[in-house]
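Trainee: So the protein lines, in turn, are chains A and B.
Anchor point for the first sequence: position 174 equals 174 in this note's numbering, and the numbering is continuous, going up by one each time.
Anchor point for the second sequence: position 86 equals 86 in this note's numbering, and the numbering is continuous, going up by one each time.
Mixed in with the good hints, there may be bad ones.
Just some of the chain B residues that point at chain A, by a computed CB distance under 10 Å [unchecked claim]:
{"id": "1", "residue": "Ile111"}
{"id": "2", "residue": "Leu273"}
{"id": "3", "residue": "Thr274"}
{"id": "4", "residue": "Ser275"}
{"id": "5", "residue": "Ala277"}
{"id": "6", "residue": "Leu403"}
{"id": "7", "residue": "Ala406"}
Per the computed footprint, the stretches of chain A lying under chain B, defined by three or more beta-carbons under 8 Å from a beta-carbon of chain B, are [as the list claims (entries may be wrong)]:
{"id": "8", "segment": "19 to 29"}
{"id": "9", "segment": "87 to 101"}
These aren't lab readings, by the way, just hints derived from the structure by calculation.
Source: prediction; values computed, not measured.
Where a beta carbon is used, it is the ideal one built from N, C-alpha and C, also for glycine.
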Amino acid sequence: MAERGAVPQVPKVRQRALHAVRSLFTPLLPDDYLELINPLWSTQELRGRIERIVRETPDAVTILIRPGYEWPGHRPGQYLRIGVVVDGVHHWRAYSLTTDPGHPEGLIGITPKLVEAGKVTPFLVHQARPGDIVRLGGVEGTFVLPDPAPPRLLFISAGSGITPIMSMLRALDRGEALDDVVHIHSSRTLDRVIFGEQLRDLDSRCDGYRPHLRLTGEADRFAPHELDELCPDWRERRAFVSGPGEMLDALVQHWREEGDLELLEMERFQPVIGGDAVAGEGGTVRFLSSGLETECGGGTPILVAGEEAGAELPFGCRMGICHTCIGRLCSGEVRDLRTGEVYGQEDEMVRTCVNAPEGDVEIAL
Amino acid sequence: MTTTAPIDTHVENPLAHLSEQQLDELAREFDAIRDRVTADLGSRDRRYIESMIEMQRRLAVLGRALLLGSRNRAAWYAGTAALSAAKILENMEIGHNVMHGQWDWMNDPRIHSSTWDWDTASTAEAWKHSHNYVHHTYTNIRGKDKDLGYEIMRIDPAQKWHPVYLAQPVYNLLLAALFEWGVAFHDLDFEAIRTGRKSKAQVKRELKGIAGKAKAQVVKDYIAWPLVSALAATAVDAVVETRRQRKRPRGVIGRLTKRKPQSRFAPVVEAALTSGAKTFRQTAKADATSNIVRNLWAYAIIFCGHFPDQTYTFSQKEVEDESRGGWYIRQLTGSANIEGSPLFHVASGNLGYQVEHHLFPDMPSTRYAEIAPQVKDVCERYGLPYNSGPFSQQLGMVQRTILRLALPGGRPRPKPGPYRGENGAG
């Protein structure tokens, strides 16, 4: 079954009223007719309407969405699963929320950056228009600003890694708690700094906010050992870091060797899939519903190999979050491409989007 | 065909003249047609099914709204027509095709074969098994395709005659009017129950499913909506009658015949209740009519799919070790198209393209018309028939067969032979 949106928080009275008249509409629901008037009225799944689209850089936009029902809230730093229709097909992706929970108009925002070879970001950056309806899934993620906020903070971000940090900065600013924050951000060029204007504004208004912008098109990349100079007390600060994998790996190592790893929180945007470090032996995958059989490399998700072989498989987030793609493992073992862990018992449900076969496997899909 | 045997039900297999290599080539050609369409599916197709669903719901709303005034003749006819149209679309172009998985590629949780349910007596689960799996896999194999005569009709001369078939001209008509119920009970698969292949628990579960669907339909069409109509009519009449009472002339006679308030109230209640009861009956009648209209239409279209004279049936022996090419040819020759206007094809759920539907059951129905010329081209080049005919002709043939085969004997009807192009003899 295809993934659907989160269950909205519908007022009780409305739920009861809809329930009372449902036998007039069976096998459909009263909802199915109300949606003809306004698609946001669905009580089956949360939807949202794109209210405004703000261009941040040549290849990134902020999309502000009005949820169909009162926004249940999120913690700054969390991400939202969002479903959009591209070329007739429904796709689900997760994006960090870049607005803070207290948006005065009750809007929520995401800030996707174009991935040329992608399917969803080209649509969001170039084709989406105000008025479009999107599906809203669950809010997830543990990369969040603690409540109450720690007195001294260090943010390190690069490229589009700034998106969860921006939500945190906005929340701190709104709560007038932007007292002592050091923010080191890297970007290739000045015009590609997402939220450049907002960061400058914070800098001019708040003494407690100290940004350091590193333009890697002109200077060397930011290296962990520079911390002693840029933020001498980094060891004592709660640090939130978000960006490409190599940067995170280098920072983790630095904190482990010279600081306190407990104080470091990080957000990885892409699951680590296909890296040589975790690639296993691969094998033949047999899809029992279609009878299709295909070779699957040790670094390739079962889902991808199956689709390339022509199997019609359920899929959702493609990053191991939503469980839409699960299939029952009938024989063999799989390797989790994010962790390298090899596992698999008969009848275990496995996510085909983040697992590769380890030897020959049969899967009931 | 051999002519020596006196009572001959043998028909030469339509693929007899093709070599194994040709069959493989043909399979590749059909696969290629499907692949081209699959690669091309997109926004246009999505817009179609979404607008079809929207139109169906608007028609249903229109029908129910008109039937609020069902005591009025014109409103009754218009409401019944709109509701019948909504039920037909819901059943065929939407329900049948969505549950075939034709729109699963959209990855949409609402328009998906795993979540869809329809407004008929069959549960989605049972129908998907008996139709998508049994009928579409074993199409026209005698003894295996349960849709060949639906286990109660003799539709092929190779089926053994039994005296019960003498009654088939009668129950044929009953089946047509109550088609959805026929299909629902047919899904149970009586042979599987008899031979014990289906457990008692399973049968019980399926019967419960049908009972659930039956209850839902009865409550909706014969209680809830008639009641809503009746309440609406009662309310309207109460208001109208009250006004009339108030506006009673207050001249000399009016003053002389001064009524007491309670006597003015009684006719209001009486008039309102009378019209309410009438409206209840009229709406229930309209709902029953639209269910029957839908049943008759579905019956006619579906019987024209496999039972006209042109179609072939197959013995189980013939299809042993069937290749992919052989499977395609069985689907192609076991089905027959109905010619008609675009509106006809929408109303029939594009099952007028039964041939294309059987070749590619999970291809979006809107694409059948587009690929029909390519299918004909394959037929022409491989010397295969492409079964098709106008609605009246196809339906006439089916009815003639049902009448003829009620009696013992009967021969296979002559087959049209290979397709010879638009202007050919085919």
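Trainee: Could you run down the list of hints and mark each one as holding or not?
Mentor: Structure-based check of all given hints:
Taking 10 Å as the C-beta cut-off, the interface hint given for B/Ile111 holds, the closest approach to chain A being about 9 Å. Against a cut-off of 10 Å between C-beta atoms, the interface hint on B/Leu273 is violated, since the closest Cβ of chain A lies about 22 Å away. At its closest, the beta carbon of B/Thr274 sits 24 Å from a beta carbon of chain A; the interface hint therefore is violated under the 10 Å criterion. Interface restraint check: B/Ser275 against chain A, minimum CB-CB distance 21 Å, threshold 10 Å, status violated.
The criterion of a C-beta within 10 Å of any C-beta in chain A is not met by B/Ala277, whose closest approach is roughly 20 Å, and the hint is violated. Checking B/Leu403 against chain A: minimum C-beta separation of about 37 Å lies over 10 Å; hint violated. Here the hint on B/Ala406 is broken, as its CB sits about 37 Å from the closest CB of chain A, past 10 Å. Restraint check on the segment 19 to 29 of chain A versus chain B: 6 residues with Cβ-Cβ distances below 8 Å, three needed, restraint holds.
For a cut-off of 8 Å, the count of residues in the segment 87 to 101 of chain A with a CB near a CB of chain B stands at 5, and the three-residue condition holds.
In terms of the numbered hints stated before, the structure departs from hints 2, 3, 4, 5, 6 and 7, listed from lowest to highest.
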